[in-house]
Amino acid sequence: MSLPEVLGRFAPDCSSLPQTVFNDPEVLDAELARIFTRSWLFLAHESEVAVSGDYVTRRMGRDQVIVSRGEDGQIRVMRNACTHRGTLLCKATLGNTSHFMCPYHAWTFDNTGRLRGVPEARPAYGTFDKSSRDLRRARTEVYQGLVFATWDDDAEPLADFLGDFAWYLDALVGGDGAAWEVAGPPQRYTIKANWKLSCENFGGDGYHVPYAHRAPIEGGLFGTEDTGTGGPSGRVVWTPQGHTARVGYHPAGSGIPAYHGYPDEQRAEFAAKAKPEVFAVLENSDVLHGNVFPNLSFIQTVITYTGDEVEPTAFLALRLALPISPTETEMLNFALVPRNAPDAWKQKSVLACVRTHGAAAGLFESDDVDNFTAVTFTGDGAIAARTDLDYSMGARLPRPEPDDWPGPGESVPHDHSEYTHRAYYTTWLRHLREDA
Amino acid sequence: MSLPEVLGRFAPDCSSLPQTVFNDPEVLDAELARIFTRSWLFLAHESEVAVSGDYVTRRMGRDQVIVSRGEDGQIRVMRNACTHRGTLLCKATLGNTSHFMCPYHAWTFDNTGRLRGVPEARPAYGTFDKSSRDLRRARTEVYQGLVFATWDDDAEPLADFLGDFAWYLDALVGGDGAAWEVAGPPQRYTIKANWKLSCENFGGDGYHVPYAHRAPIEGGLFGTEDTGTGGPSGRVVWTPQGHTARVGYHPAGSGIPAYHGYPDEQRAEFAAKAKPEVFAVLENSDVLHGNVFPNLSFIQTVITYTGDEVEPTAFLALRLALPISPTETEMLNFALVPRNAPDAWKQKSVLACVRTHGAAAGLFESDDVDNFTAVTFTGDGAIAARTDLDYSMGARLPRPEPDDWPGPGESVPHDHSEYTHRAYYTTWLRHLREDA
Amino acid sequence: MSLPEVLGRFAPDCSSLPQTVFNDPEVLDAELARIFTRSWLFLAHESEVAVSGDYVTRRMGRDQVIVSRGEDGQIRVMRNACTHRGTLLCKATLGNTSHFMCPYHAWTFDNTGRLRGVPEARPAYGTFDKSSRDLRRARTEVYQGLVFATWDDDAEPLADFLGDFAWYLDALVGGDGAAWEVAGPPQRYTIKANWKLSCENFGGDGYHVPYAHRAPIEGGLFGTEDTGTGGPSGRVVWTPQGHTARVGYHPAGSGIPAYHGYPDEQRAEFAAKAKPEVFAVLENSDVLHGNVFPNLSFIQTVITYTGDEVEPTAFLALRLALPISPTETEMLNFALVPRNAPDAWKQKSVLACVRTHGAAAGLFESDDVDNFTAVTFTGDGAIAARTDLDYSMGARLPRPEPDDWPGPGESVPHDHSEYTHRAYYTTWLRHLREDA
Amino acid sequence: MSTHAAVTEFLFEESAALDETRYGDWLDLLTEDFRYEVPQPITPQSPDEPQYTSRMPISSESKGSLRMRFDRMSSEYAWADRPKHFLRHFVSNIRVRRIGDDVWEVRSNVLVARSRTSEETVLATAGRLDVLHGNPKDGFRLAARTVHLDVEVPSAAQLAPIY
Amino acid sequence: MSTHAAVTEFLFEESAALDETRYGDWLDLLTEDFRYEVPQPITPQSPDEPQYTSRMPISSESKGSLRMRFDRMSSEYAWADRPKHFLRHFVSNIRVRRIGDDVWEVRSNVLVARSRTSEETVLATAGRLDVLHGNPKDGFRLAARTVHLDVEVPSAAQLAPIY
Amino acid sequence: MSTHAAVTEFLFEESAALDETRYGDWLDLLTEDFRYEVPQPITPQSPDEPQYTSRMPISSESKGSLRMRFDRMSSEYAWADRPKHFLRHFVSNIRVRRIGDDVWEVRSNVLVARSRTSEETVLATAGRLDVLHGNPKDGFRLAARTVHLDVEVPSAAQLAPIY
Ligand code: FES
Ligand code: FES
Ligand code: FES
Ligand SMILES: [Fe+3]
Ligand SMILES: [Fe+3]
Ligand SMILES: [Fe+3]
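Chains as they are written, first to last, in UniProt numbering: chain A, 1 to 436; chain B, 1 to 436; chain C, 1 to 436; chain D, 1 to 163; chain E, 1 to 163; chain F, 1 to 163.
Among the hints, a few may not be true.
Cut-off 27 Å, straight-line C-alpha distance, at most; resulting in silico cross-link-like pairs (DSSO-like, lysine-lysine) [unchecked claim]: (1) B:192 to A:192; (2) D:137 to E:137; (3) A:346 to D:63; (4) C:192 to A:192; (5) D:63 to D:84; (6) C:192 to F:84; (7) A:273 to A:192; (8) E:84 to E:137; (9) B:91 to B:130; (10) C:192 to B:192; (11) E:84 to E:63; (12) F:63 to C:346; (13) B:275 to B:346.
Read the hints as simulated data drawn from the structure, not as lab findings.
Given the sequences, and given the hints that come with them, work out the whole structure.
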């Protein structure tokens, strides 16, 4: 099937879409060319490059880049490839340096990407315009500690790209991105699944929680007290840029405060900084998770029990899904902790994250990965290539009337629905239909 | 080379064909789309799903399916993929169940493929037409215990697809498919060879036997008595549907009865059921093997010696060749034994099969696989891509006059010839030339 | 990007070229079809098939071939694939045989590629024109002991293909190719890099030596005496056929004789055979390396110290780069030694070669392979696919006036430049632009 | 029996309990305060810096959390662990050092082979640093295990087993 | 020498005989009624059901059938076995249990590496359940071997060796 | 301690020195005239001809050349060896034979796992033929090692380690 045929199979409202978007190499090529070179992409947390000279090596799509903090304190993202003949400049995962020297002919770039040294420049090249050979830089902006970059010089500013969704990122970090730091370098691992399957799931999909995660829930991961009426009571949110989120709720009046599971001092700090609407939204919530288009997922929730003490502990995790091939994805898991929380608490939060939502989290996450893999697996085949999947949940019901829920963007209290999936693919489709 | 160019290289009578049909990914894509979605494909032996609820998981081409016997006793074949968002439903190789529950959102299908349970169907979806989301079923028919299915609702009935070749399947099972059962779940293994190379070989190719298998034959696998004049005395058979077979013969008057190597009681049962022409065809035969287009091969022969006692023992094996890539194939080996034969005999038959024609049969089969691999191996290259192979054996000789051999279909007593190869590829070419 | 778009990105003088030539599968397909089926390709050294019946199995591009010396003493190159149905004929790396028997149906070819035996030819085929089924042979010619072949019957003679570059091959072997032999069967190994990266480097690239190889040079590999003014003093050479070379020089008057590092007797022999201009060119040289278009590289140099005694020892190595995929290459390393040199010296020469320029040469070669891999690695990505690399070194400087350096071909004393790279890709581009 | 032989026997039995999914038997081989940690492998700039960080480890488990995980596996809804996979440990290069009274530091290299349904076998290798309590006469208990994976970006299949 | 050490030595020598294609030596290490079986791996629905079935095994060999196979290899027409391939066994996690007078049940884990001509090395892993007759003083004979492959759909290259 | 046990311990410590990049420690385990050779694997026509040739070996090193190589690694410009890679040896099937006074021929099978930065782990297998000098009481020194790779066309990653 050609790419136009694939795109032509989408239902207008994305309530149905061809399974082959998870398997077709031509689709991935188009995604890399039309999304990953134009969208703002998440790269790193500011705290990973805390001081001048700090750097981490990452990918944007499949392009190798360096995220580096220059002597001027500014964070930049640049291709990790020498502008002479393309050699990978930096092979380390992370480090601190003022300069990167190419191992082939020793061209040397400073950590802002500027070409500083060309051995024998004059005799070898004659007049040599060094500035024409700076590392290719991606436009870089930081929001609430999250470092984004785009290759597209004509892209809208990051603030516009995030739009109303910025409010939810604010909510995530208690209004103060600078208060957070990564617990450590991110976990990295590969899964045999298309990259979008994790993103669409993180952006909503409350429907899978009671079924896919039935075993650990019954095991007491979220506690054993029955907090009430039962039934899905969350809310899904989306914006025109394709950003999606879900807030899960305990029954009204459960008395669970916003930022439950964080140390009390921390909650007080958040209260001082965050807007009242944020508190209204987060009160009685048990989870906030979502996906910044295209591939940055996040989750903040409270884990009560993982086999040791019963003690509600919050964690905040970021999840980056980097395509390797249509059927293989590299995942990066970042745990964020409040910089000023006690070390012992930080460790507990990391433990809660690692045991339930980490790379090797046998207690929860493994069932999700198993599903992403199982969808990708069935996509191989001639009949599979002509099969459409069903993303219609909620599409045939009347859209709930607007209510006074204070979060921005579009949202409905239809927790178990596929509104967010459709919003995600509507944006995806818009990008894919743009010419290369 | 484009697909039309590849097809254009075939000699009109298929006496020469481009080697690239064994290596070109575009050719495999076309095969999957034009053959594997339209032909009747072998799936399983009826005895593998003997009672209601029994199932095995298999592939049709590269599509995942479940072969299941419903509570109504009927065998059905259906996609092993949830109709919601595509998750693999059943990961086991075999089992018995009334329902398949999807691990992602717990949609539940009964073993006829009917969607029975959708959690929260009403609140989540509103009016939900469950029947529109039954598992995609393939048309299924059984012939002599062999379960076939096709994705093409407009396909001719299985009987028409088999045509005259049904007679040879009857002969294979002594006229009574129900008398047979699989010895156990099939052997499965992969070979680095194109899937057609095994099929074309099984459908005839008596020419390779004395040379490729010289070592085991000299070792006494088929006995050590010289049964006569020597020289090839078999017969090759084909039908317009591309089905092909070969009957090998001892010299006339060798006094070898039909179904030699089976227990006497068994032979008596066959005699009671099978047509006299079958006996005329099988008398003095030492082997009956063939291939049901596109990819079900079979062989029935007698092994005399594999290192233990000298004792002629028959076996009947089915061989399914499932493409993984142009150059890799999954093989399934089934051993069929008469249900009522003594257990000790069954074991000997399995032993004869496993040691000579099994996945790890160092005594015979390994030389075939080695050749299939070696052909595929030389197909990689720019000169290889422009090379034609020679399938002309017998094509330049006058076709022998029809004789009174009682088997149906077209056949010639030109044992060492490539009539069957040409018949196979003539059908193959007809399918490949049909539009997608 | 389509192939014409890729080719369209080249600067007219090849001073800039798209990085994707190292990663694009379509580019490799075109290379195989347009270069590797038309150019003269190096196969083996004459001494590998020293006597009648000797053979080695090799590849031309990705096509399997046998290089064999017939009973008539002539060396021939032929496809290693049966002309019946394509089976690989010979699986050994090397050996001696008069005939190759196909394992499938026992067709037998003599070591000139002539089909000699077809079992049952008459009854199976009728009139059978054996000569129409000889192995496909490639035109074969030998120059100075180097065996070349081409699939193109219309190709110019080898002498014309080598042109002025033959002079440098003469220089390499002291004017007498017959005086040399391979030390043993070549080393073989694979690298995760495009095949051209090794070739372009060997054909010049003096610029990388002091930087990529700084550690071993500082370790004393080439000795520790300072031989003078420093600064690059080599010369790069190229011919219109895309052949390229570099001669590195000690400062004038260093008193280093031609063929330094060979036994004195050997140098005397060379002096008797080689032209005076060769001596003029090689005097005071420390290295002669280059690349015969497309993929035969060579190097002759002197190693002073590898951890044992300090003792200048010369070696001559050939390096063949065989594409496996755009990003993987098989390398063959041949060490040539003067046939009549003392065994002890031969071993020292091999040691010098193996430790510095061998498959596992941790002291020198590993840094080159690391760079070739690192260039290929950064080529994966959507931005990478639109990136051009800089091969302009020397292109913006006035070309030095012709001088009296006696070597033929075009050459400039601009040691650290990319003249040779541009010459290589200019020829490459001419071939790629020819129709398939 | 020498300590080395006894420790070797203990480690082989311990691996067999995992490979044969005898999780109860396996838990019985652990001390109550058992700690299992898989630090995150990284490639630092300088060879003098460590290749592993525990700030955000790949795994950090206690006897309690492992028991919870095993309990889960007996559930019909343990999707990722059902159906059963093929698992096998290859333990070699065992080096034993006494670090206290009846306390032993045991280093070993482990290769783990895992396959699920019709998937190819996935191999993974790691170094293990164990602390054992006990002695050849009374038997041993595993008090701690740290696993140094030999790969920076493992596959999910390589992360699934306990090493 | 302890029984464990003697059994270990026996198994290493036995593997070496296979790796070095000393088939006569290898056959001499077997009892006359030696049985070699590789059951078919399957993935059953329930974790309580067995992962292997012997109804139609992958291999079922006797000393006689193996001798026939080795004899064949000495033929010039043993196409699949010529030219020689590279083969190496890695035997580890050896566990010995006495099950009768001079009769031992020996479990081991085995990784087999195989390569032919210019092919990449193919690795395969399995558990082995051996029955040995004998004792350290008189030596051992291998009376039975069952091989549990760690993969449901092995490649032909993985099936070629004797484990 | 038996000779076999002592040799085993020696080989495990020796591997650990390589895996942990303690090159000085490793060199101390070698005799002054130590020879390390990796012959070129080939596939000869006949099974009676050798599968390895030393005429142009893959590697041929002395203690001096290895010291030079290790010295180089401490340079900032040892591009191929920086940053540090992950490396692990799995030594098994150790067979010891006395061939002289305090001289031992030791055969072992070795699997080496190597990974660099974000690359997948590359495995390689080989047989080793070592000559050891010494005895359990005074300790051993490695006097020679020959490595028989199990693959004719290894990858560069498989050739990088010392086996
Ligand atoms: S490629 Fe970087 S300096 Fe030449
Ligand atoms: S994918 Fe099967 S229930 Fe949702
Ligand atoms: S393929 Fe070679 S003889 Fe038939
Ligand atoms: Fe989930
Ligand atoms: Fe056959
Ligand atoms: Fe170099």
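Quick rundown of the hints versus the structure:
no.: 1; hint: B:192 to A:192; in the structure: holds, 22 Å
no.: 2; hint: D:137 to E:137; in the structure: holds, 26 Å
no.: 3; hint: A:346 to D:63; in the structure: holds, 21 Å
no.: 4; hint: C:192 to A:192; in the structure: holds, 22 Å
no.: 5; hint: D:63 to D:84; in the structure: holds, 22 Å
no.: 6; hint: C:192 to F:84; in the structure: holds, 19 Å
no.: 7; hint: A:273 to A:192; in the structure: violated, 41 Å
no.: 8; hint: E:84 to E:137; in the structure: violated, 35 Å
no.: 9; hint: B:91 to B:130; in the structure: holds, 23 Å
no.: 10; hint: C:192 to B:192; in the structure: holds, 22 Å
no.: 11; hint: E:84 to E:63; in the structure: holds, 22 Å
no.: 12; hint: F:63 to C:346; in the structure: holds, 21 Å
no.: 13; hint: B:275 to B:346; in the structure: holds, 25 Å
In this structure, the earlier hints numbered 7 and 8 are contradicted, and the remaining ones agree with it.
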